[in-house]
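*Asks:* Going line by line, the protein sequences match chains A and B.
All letters in the first sequence, in the order written, are residues 5 to 327 by this note's numbering.
All letters in the second sequence, in the order written, are residues 5 to 327 by this note's numbering.
Worth flagging that the hints you see were computed from the coordinates, not collected in a lab.
Mixed in with the good hints, there may be bad ones.
Which copy? The list can't say, so a pair holds if one copy fits it or any two copies do.
To be verified - 25 Å max Cα-Cα, derived SDA-like pairs, lysine to any residue:
(1) K109 x P22
(2) K98 x A231
(3) K109 x K170
(4) K109 x L15
(5) K98 x R16
(6) K125 x L55
(7) K110 x E60
There are 2 protein chains.
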Amino acid sequence: MSEELAFIDQLRGLPLHPGARGLNDDAAVLEIGGETLVITHDMMAEGVHWLPGTDEADIAHKLVATNLSDLAAKGAEPIGALLAFGLDDPLYNKRFAHWVGKALKKYDMPLLGGDTIAAGKRVVGMTAIGRATHTPVPARSGASPGENIWLCGHIGDAMIGHGVLKGAMASVFMQNNTRVTLDPYFTARFLRPEPLLAQGQALAPQVSAMMDVSDGLLLDAMRMAEASDVTLALSYETMPFSPQFLASLDGNQLDVKTDFRMTKEAAMRWGDDYALLFTAPPSVQPPVEAVRIGTVERAGKHRVTVDGNPPADDEPLGYQHRR
Amino acid sequence: MSEELAFIDQLRGLPLHPGARGLNDDAAVLEIGGETLVITHDMMAEGVHWLPGTDEADIAHKLVATNLSDLAAKGAEPIGALLAFGLDDPLYNKRFAHWVGKALKKYDMPLLGGDTIAAGKRVVGMTAIGRATHTPVPARSGASPGENIWLCGHIGDAMIGHGVLKGAMASVFMQNNTRVTLDPYFTARFLRPEPLLAQGQALAPQVSAMMDVSDGLLLDAMRMAEASDVTLALSYETMPFSPQFLASLDGNQLDVKTDFRMTKEAAMRWGDDYALLFTAPPSVQPPVEAVRIGTVERAGKHRVTVDGNPPADDEPLGYQHRR
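Build out the structure end to end from the sequences listed, making use of the hints.
*Replies:* Here it is in structure tokens:
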């Protein structure tokens, strides 16, 4: 068990609020004064969530976007945010404040407060508070055998973007013996993910279970399967990759500097695209663009299968924090 | 201007929620449905908020207590908390989870959720959500000329406790030429501050302004004076020190290892005791134990005076985060 899972497992033994949903969800659901709030907190650190040298504009955007993606998965609309900020040099502080303002403005989420400390490390956190637009608020649990599994959004683009930024992949391809500069589309997908707020709100009344794919499709599908006590049977062929992703694979020879693997299989174990994974009864035709990627089955030997087989266990299913 | 102040000042230019109260308060006030929520976030890091080697039990307690102190200053009762946790070695993680549970249980604040990351640094954060027991919720602003200034709780004890722990002060005194071991009372006051929740709730309907003293009485009084646009005229003689604090000063010769100053003046620039500073009209006799420490005056040349004079400016008024 990873240290992250072990820690969360231990927290489950603590006094939990009913709105914590057993810590099996990415956001808490708090009923108060006739309203239902959705509350989430995300923390990010340099070297873990962003590469040293990353523009403060990208850091700030990602902090806001990842929190909003949790609200999106609950069909919530933003109310406000609290910012936790570890001070660094004056230019970094100033640029971060500027850009976090831009991001908050973009998504119409005003600042409620927060805390600023000298942390001795570039670390940031955000608590986002939203209002549920539909109750019951979608959870990871709720998927039933016989339902369809859907994905709204693409997977894999952020993986390529990260590879380019890290220098593990060159930003230049060889295509038909011609050098082709990789589309900045990919790095933008990693640096500036778009929370699917409108899609989440449209989906909330229709879905039986929903979550955002932040740590990798296979890992997050596993979490949904466990929370719902079912098996998610995925179909490899239907995985929604972007045209850009497919074009990059198709007939190209990558100028690969390291052993960074850019494959469809790898993309299924990569997060950061913030697609929405959801299940719904067969009668439901999603009101937003989405691709059907499988069927919910009774809990079987494996929580997640791809074309009937468990995912290869030679690599992690997705991203988990170690130490 | 300190980097912390500069950063917060910049945040004031961002889109703010009305509940942010212009970022002039330690907690946000969110009216939702028919209820009023009080929301606060505190972040702590090793080497800044606690000394390396500090027991995880103390770290966890302090994280919970400092957040609850913000709720106390607003007269709120706890609803729940979100935890942000930077993973470290397994024993640290395990002990922290255990003790944060104890602290949450003690104050009847269940866990709502949170986030766990590998931060590469021992850093923790908590968002506490409370329900206001009285509206309007007390603010830093609201103090008017002619009102009395009160303090509920003591100042200075945590300063001594910190000095002992840091080794800047020995834990052994010379008293009348006899070695006397310093009362563990002081270290407990630094490591295990008690949020004045019941007091804050009793005071909320009576006060014109209230805040907790976390960064030093003079600095926090300055903040209240600025938010209220008044001058806080404090009286040195009435400062509420604990009997233990006074006894330690009285006739003792400190076995001081460094130039750590343990004086009443220094105590007025030290936080961590989490006393409640509040103002109220002359007709109000506080319903809880409190000491009158001054009078609110029309905004004068100096925001804060002690016995009519501005505090000496050779040292900071309190604790501010640099970098």
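*Asks:* Classify it for me, K109 with K170: is the Cα-Cα distance of at most 25 Å met within a copy, between copies, both or neither?
*Replies:* neither (29 Å within a copy, 44 Å between copies)
*Asks:* If the cutoff is 25 Å on CA atoms, where do K125 and L55 land: within, between, both or neither? Let me know, please.
*Replies:* Both. Shortest intra-copy (13 Å) and inter-copy (16 Å) distances satisfy the 25 Å Cα cut-off.
*Asks:* What label fits K109 with P22 when the C-alpha limit is 25 Å: within, between, both, or neither?
*Replies:* Between copies only: 15 Å across chains, 32 Å inside a chain, cut-off 25 Å.
*Asks:* Between the shortest in-copy and the shortest cross-copy C-alpha distance, which are at most 25 Å for K110 and E60: within, between, both, or neither?
*Replies:* within (16 Å within a copy, 40 Å between copies)
*Asks:* Evaluate K98 and R16 at a C-alpha cut-off of 25 Å and name the case that applies: within, between, both or neither.
*Replies:* between (38 Å within a copy, 12 Å between copies)
*Asks:* 25 Å Cα cut-off: does K109 pair with L15 within a copy, between copies, both or neither?
*Replies:* between (34 Å within a copy, 12 Å between copies)
*Asks:* Tell me, please, which holds for K98 and A231 at an alpha-carbon limit of 25 Å: within, between, both or neither?
*Replies:* Between copies only: 24 Å across, 42 Å inside.
Hint compliance for this structure: hint 3 is the single one not met.
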